[in-house]
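Please model the complete structure; the sequences and the hints are all you need to start from.
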Amino acid sequence: MEKLELSPLKNTQLNDPFWNKYTHLVTSQIIPYQWEALNDRVSDAEPSHCISNFKVAAGLKEGTFEGAVFQDTDVAKWLEAVAYSLSYQPDRELEETADEVIDLIGRAQQPDGYINTYFTILAPKHRWKNLREGHELYTAGHLLEAAVAYYKVTGKDKFLGIMRRFADLICDVFHTEEYERAVPGHQEIEIGLIKLAEVTGEQKYMDMAKDFIDRRGTEPNYLVSEHKNPLWIDIFKDRNAFLPKYSQCHKPVREQDTAEGHSVRATYMYSAMADLAAAYDDRELLEACERLWNNIVERRMYITGGIGSSGAYERFTTDYDLPNDSNYCESCASIGLALFGRRMAQITRNGKYIDTMERALYNTVLAGIAMDGKSFFYVNPLEVWPDNCLDHTSMEHVKPVRQKWFGVACCPPNIARTLASLGEYVYFQKDGDLWVNMFISGKAALTSETGTLTITQSTRFPFEGKVNLHVSSDRSCDSTIALHVPAYALNYKIEIGGKEASSELQDGYAYLKGSFKDTDIQITFDIPAHFTYAHPSVRADAGKVAVEKGPLVYCLEEKDNGNKLANLYVDTTAPLQEEYDSALLGGTCTISAKGKRISSMKENRQGLYSQDPPSFEETLLKFVPYCYWSNRGAGEMSVWVKYYNN
Numbered sequence: 000m001e002k003l004e005l006s007p008l009k010n011t012q013l014n015d016p017f018w019n020k021y022t023h024l025v026t027s028q029i030i031p032y033q034w035e036a037l038n039d040r041v042s043d044a045e046p047s048h049c050i051s052n053f054k055v056a057a058g059l060k061e062g063t064f065e066g067a068v069f070q071d072t073d074v075a076k077w078l079e080a081v082a083y084s085l086s087y088q089p090d091r092e093l094e095e096t097a098d099e100v101i102d103l104i105g106r107a108q109q110p111d112g113y114i115n116t117y118f119t120i121l122a123p124k125h126r127w128k129n130l131r132e133g134h135e136l137y138t139a140g141h142l143l144e145a146a147v148a149y150y151k152v153t154g155k156d157k158f159l160g161i162m163r164r165f166a167d168l169i170c171d172v173f174h175t176e177e178y179e180r181a182v183p184g185h186q187e188i189e190i191g192l193i194k195l196a197e198v199t200g201e202q203k204y205m206d207m208a209k210d211f212i213d214r215r216g217t218e219p220n221y222l223v224s225e226h227k228n229p230l231w232i233d234i235f236k237d238r239n240a241f242l243p244k245y246s247q248c249h250k251p252v253r254e255q256d257t258a259e260g261h262s263v264r265a266t267y268m269y270s271a272m273a274d275l276a277a278a279y280d281d282r283e284l285l286e287a288c289e290r291l292w293n294n295i296v297e298r299r300m301y302i303t304g305g306i307g308s309s310g311a312y313e314r315f316t317t318d319y320d321l322p323n324d325s326n327y328c329e330s331c332a333s334i335g336l337a338l339f340g341r342r343m344a345q346i347t348r349n350g351k352y353i354d355t356m357e358r359a360l361y362n363t364v365l366a367g368i369a370m371d372g373k374s375f376f377y378v379n380p381l382e383v384w385p386d387n388c389l390d391h392t393s394m395e396h397v398k399p400v401r402q403k404w405f406g407v408a409c410c411p412p413n414i415a416r417t418l419a420s421l422g423e424y425v426y427f428q429k430d431g432d433l434w435v436n437m438f439i440s441g442k443a444a445l446t447s448e449t450g451t452l453t454i455t456q457s458t459r460f461p462f463e464g465k466v467n468l469h470v471s472s473d474r475s476c477d478s479t480i481a482l483h484v485p486a487y488a489l490n491y492k493i494e495i496g497g498k499e500a501s502s503e504l505q506d507g508y509a510y511l512k513g514s515f516k517d518t519d520i521q522i523t524f525d526i527p528a529h530f531t532y533a534h535p536s537v538r539a540d541a542g543k544v545a546v547e548k549g550p551l552v553y554c555l556e557e558k559d560n561g562n563k564l565a566n567l568y569v570d571t572t573a574p575l576q577e578e579y580d581s582a583l584l585g586g587t588c589t590i591s592a593k594g595k596r597i598s599s600m601k602e603n604r605q606g607l608y609s610q611d612p613p614s615f616e617e618t619l620l621k622f623v624p625y626c627y628w629s630n631r632g633a634g635e636m637s638v639w640v641k642y643y644n645n
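Position 246 of the sequence shown, counted from 1, bears residue number 245 in numbering that gives the first Met the number 0, the numbering being contiguous throughout.
If you are wondering where the hints come from, they were derived from the structure by calculation, not from laboratory data.
Hints may be right or wrong, so weigh each one.
The calculated label-pair distances, taken between Cβ atoms and stated as ranges, are [what the hints assert, rightly or not]:
1) 643 to 442: 35 to 41 Å
2) 643 to 534: 45 to 51 Å
3) 59 to 371: 32 to 38 Å
4) 471 to 395: 53 to 59 Å
5) 59 to 504: 55 to 61 Å
The calculated DMTMM-like cross-link candidates involving lysine to aspartate or glutamate, where the alpha carbons are at most 20 Å apart (straight line), are [what the hints assert, rightly or not]:
6) 157 to 218
7) 351 to 4
8) 512 to 432
9) 543 to 320
10) 151 to 237
11) 20 to 432
12) 203 to 176
13) 498 to 517
14) 563 to 448
15) 128 to 102
Note that CB positions come from ideal geometry on N, CA and C, so glycine has one too.
This is the structure in structure tokens:
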């Protein structure tokens, strides 16, 4: 099967009114701030220990390993973000810093190619002896992704060479008799190996990734029985029994039809499965991806594109179990969902995957970072009452304000690398043809053997449904341009040179064909704010409604609506009112709705409960985009609101 290619970041410049609030922070704020965090120089923040661990492993300082077993991945994702940013904003000083970090990683590498500061410092005799918890392969995967990105952008091959040595070791070790059935506890190595294979042309890396996927869930189950090894090392000291579903090893992957377990592990694995399905023309594997995708999107995904219903094990639970105030919805999980959706769209050319990819990016992923780029959400609830977010309770994982850093800080650098690589989500290309996936202002040049196609987008999306495209081409033959037709877009129309254009609509894309030598294309569609109702089986949302506009989900905040948001009801028969406020949250469209508020009980009431009904007063509810919540101080927040329809 033929997979569409990502648009090279070096040929893509984004300059968008909506996304600039975040993308312009990548080099000016996010990367420098995270560098300080990795070096434990952010006051009142949990320490990272990341750079310190590498210095200890490299013999450059005295000390021991500190932090989580997978701490090395934080600097890997930071380096990947740096690489992407250098592709469109060269920075000599930043590149020199990255080179120094790469030198440090190289010095921490062991003679046989092994890299992992936890095991190098604390448990050198126990390498590969707890794949369930040790995260050695997970860490290797993120380092591989960073090395490939850095090589592709800078052309420097030192980091790539370091990681090839490690990948060669992995290929050797995991084809020995002892490890011939072994798989990673936390998937990610597969993605890294696939990327390494693609950039080096070395098939053994791709085959190793396929072996890890093919072995998973087969009997005898390696992750279930590995603790019987006398050299097994207990890292998490978890008294609970290991659940195979947690690591998606309960069945062979081709037999899985429901999304189970830890949601980040799951989506990273599904992303690798999609890549391998394309690489090996494996229809059975692709069908498994489609089943798993459908189960997520149709039964286990939040309206915000968040996934992972339970704080216990950070996992999927069961169909339609989508609590709003105690959910997990890790930022990394939505990034994984976006990566999975992007790959499925590359393979199938079906815009439905872009719709969900976009939903995750615009809502949960952006909610994960503050608008100053210096604080983060790990967990992304859809309802927050700050007073009950208490430690040592079932709500302790929910934070009402973003945190400066985390002891387990996988999400901040993951968000950084995602924002830095946003251009790879906007366009696909193949043999000189172009797919426009997202409406984001900017310019891209797509080259092929037959010439260059240059496209410039100008839009105020997602607040307005109007996109102006200018396309020029020096190709000697015609090109095809496929324009995404989102499921939420009403009255979608394409005009070329002021005249309505004919196009072929297929699977969520409108296909145009022509020479496009110097062509103006205008796309218009309606994206009115509207009410959305959940499936009746979603118990948490029964009798409630949400507000959406295009890809954006909206929410109520205490800042605009007062406290006790649970006392608010919205009138779904009254029209929603939209207003663009240039002074609010860097410029945003707010949505107002008619509603009621429980105003009071009888003044002489004493008890907690009463037979007397409450009284109501009319009020106006004000909604703001969910991605912006908690940027104006702590307070209550709710996506789903009780409704009435008199």
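Now for the hints, and whether the structure bears them out:
Between residue 643 and residue 442 the Cβ separation comes to about 48 Å, which falls outside the hinted range of 35 to 41 Å. The given range of 45 to 51 Å is broken by residue 643 and residue 534, whose C-beta atoms sit roughly 20 Å from each other. At roughly 33 Å, the beta carbons of residue 59 and residue 371 sit within the given window of 32 to 38 Å. At about 55 Å, the beta-carbon gap between residue 471 and residue 395 stays in the expected band of 53 to 59 Å.
Distance hint check for residue 59 and residue 504: the Cβ-Cβ separation is about 60 Å, which falls inside the suggested range of 55 to 61 Å. A threshold of 20 Å between alpha carbons decides the hint, and for residue 157 with residue 218 the separation of about 40 Å lies outside it, so the pair is violated. A threshold of 20 Å between alpha carbons decides the hint, and for residue 351 with residue 4 the separation of about 18 Å falls inside it, so the pair holds. Between the alpha carbons of residue 512 and residue 432 the distance comes to roughly 9 Å, so the proposed pair stays at or under 20 Å and holds.
The suggested pairing of residue 543 with residue 320 holds, with an alpha-carbon distance near 15 Å, which does not exceed 20 Å. For the proposed pair residue 151 and residue 237, the alpha carbon gap of about 41 Å is over 20 Å, so the pair is violated. Under the criterion of a C-alpha separation no larger than 20 Å, the hint pairing residue 20 with residue 432 is inconsistent with the structure, at around 30 Å. With a C-alpha separation of about 18 Å, the suggested pair residue 203 and residue 176 falls inside the 20 Å cut-off, and the hint holds.
The straight-line distance between the Cα atoms of residue 498 and residue 517 is roughly 15 Å, inside the 20 Å bound, and the hint therefore holds. Taking the CA atoms of residue 563 and residue 448, the gap is about 61 Å. The hint is violated against a cut of 20 Å. This hinted pair does not check out: residue 128 and residue 102 have alpha carbons roughly 28 Å apart, beyond 20 Å.
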